[in-house]
Amino acid sequence: MTPARTLATTARVLTQIRHDPRTIALLLVVPSLLIGLVAWLFDTTPVFQQIGPAMLALFPFIIMFLVTSIATLRERRSGTLERLLSLPLSKLDFILGYALAFGLLAVAQATIAVAFAVGVCGLEIEGSVGLLVAVAVADAVLGTTLGLLASAFARTEFQVVQFMPAIVFPQVLLGGVLLPRDQMPDVLYAISDWLPLSHAVDALTAVATGDEDGGYVAGQLAIIGAFAVGAVALGAVTLRRRTG
Amino acid sequence: MVNKSPAVRIDGLRVRRGRNTVLDGFDLELESGGVVGLLGPSGSGKTTLMRAILGVQTVADGTVTVLGEPAGSAGLRHRVGYVTQTSSVYDDLTVRQNLRYFARVLGAPLGDVDRVLAETELVAQADALAGSLSGGQSSRASLAAALLGSPELLVLDEPTVGLDPVLRVELWALFRRLAERGVTLLVSSHVMDEATRCDRLLLLREGRLLADDSPEGLLASTGTHDAEAAFLALIRQGVTP
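Those protein sequences? They're chains A and B, same order as listed. Heads up: the first sequence begins at 1 in the numbering used here, then just goes up one per residue. Heads up: the second sequence begins at 1 in the numbering used here, then just goes up one per residue.
If you're looking for bench data, these hints aren't it; they were derived computationally from the structure. Idealized CB from N, CA, C, for every residue including glycine. Some clues are possibly wrong.
Footprint (simulated), chain A over chain B, 3 or more residues, beta carbon under 8 Å [claimed, not checked]: (1) 55-69; (2) 72-78; (3) 86-93; (4) 195-205.
Let the sequences and hints guide you as you build the complete structure.
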C-alpha cells in the first residue's frame, strides 16, 4: 500500500463525481430534506426531539451505503477494476481510496444535515455540536465501508440493490429508532448490540440529550470505527485479482 | 531490452469456465520481441489465454511464466500492459484525466501521458469525456492507458474491432514501431486479413493450437493465399485425417 496511489484513487473518484453535479446536489441536499420532513411530520409532538438525532445517523448511512456499493460495482462491470488489479495498485489502495473520497463527501453531507437539523428544524442539542458532526461523519463512513464490502458479493445491479434491505433495514429496525433498544425483547436487544448502526444512534442521542459524558461517546465512536476498519479489511480480502 | 528468457512460457495450462474446459493441457512459448497474432473464432479461448498470461484468470492446472516470473506476480504489474475487449476507461473522466490516474498508479512520469496521447492520435480528444468518444477512439484511449510506463509485453485483446480501415492500418503501424523498440506484442483478432501483419501466427480453435507459424510458413504449408483459407484448410485437415 502506498499513500500516493491511495490519494490518486481518491482524487480520481472525486473528479468523477465532480463531472456529475446532480449526484453532488442529491448527496448533499436529500438527507437534510428528509430530516426536515420528519421534523414537520412530528411538528405538534415532542417526537422529533427524541428521534431527530437518530435521523442524522440514518439517512447519511443509507445514502452512502447505496452510492458506494453501486460505484464499485460499476468499476467491476466496466472492466476498469480488472485493469487496476493488473497494475501495481494494492487492494487496500483501491478500497481506502474509495473510503477516503466518499468519507470527504460524508463530512460535507453530515455537516449540512446537522446544521439544517439544529438551525432550521430546531433540534435541541445539549452536548457539543462538533461531536454530533463527528459521530454523523463516522456513521456515513461506516455506510461507505459496508457498501464497499457488500459490492464484493454482488455480480449485478439487481443484487447490489437487494443488499440494501438485507444489510441496512435490520439495522434500522433494531437500531432504537422505532422502539428504544431497552424496551426490545432480550434476544433482539442482544442482536442490536452487535449492529454498528445501534451504536451510532446511541452516540447521537447521547450527544443530543447530554445524558452521557464524552468518554461514552468516544467509546461508541471507537465501536463504529472498528466496524468500518473490519469492513475495509474484509473488503480487501474478498477482492480477487484472479477471477473465473 | 532483448531478454534471454522467453516473454511467455506456458506448460500444461488447464482452465475451466463454469462446466466447460476452455484450455486443456495447453503449451506455448513466445520469444521476446515481435508481433504475435492470436487468431481464431470467438469462443476459441483467445481471451481466456490472454487473461491467463496476465494472471487475472483462475487456473485449474499448469504454469504460466511471463518475462521470467510467474504470471500475475507483483513484479510484473509494471512490465505488462493489457487491453481488454471492452474499453476499460472511466466514462465520466476526460481522456487525459483517465491517463493521469493510470500513470499515477503505475508510478510513470506524467510526461508519459502526452507521449501515449500522441502515439494513439488522441491529442485532439484529450479533454473530451471518455464516455463521449466514438467506439474507435474509446478503444484507442484504452490502448493509450496500456502504453503508459512503457511495458515490455503488451497483451491486446481485439484492439482493432470496430475501427475503420485507415485507423486499423495506423494502429498496426504503431504495433510495428513498438515491436522495433523491443516490445513483445500479443494481439488477438478474428479478422483474418490482419494475420499477414504479424511476425508469428497462432491459430486457436476450441482451445487448441491449430497452427503456430510465420504467415509465410502457414500459407506455404497449407498451399493457400490468405489466412482465412489457411484456417479452413487446417480445420478440414483436422476433421478428415
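Outcome of the hint check:
| no. | hint | in the structure |
| --- | --- | --- |
| 1 | 55-69 | holds (count 5) |
| 2 | 72-78 | holds (count 4) |
| 3 | 86-93 | holds (count 8) |
| 4 | 195-205 | violated (count 0) |
Consistency with the previously given hints fails for number 4 only.
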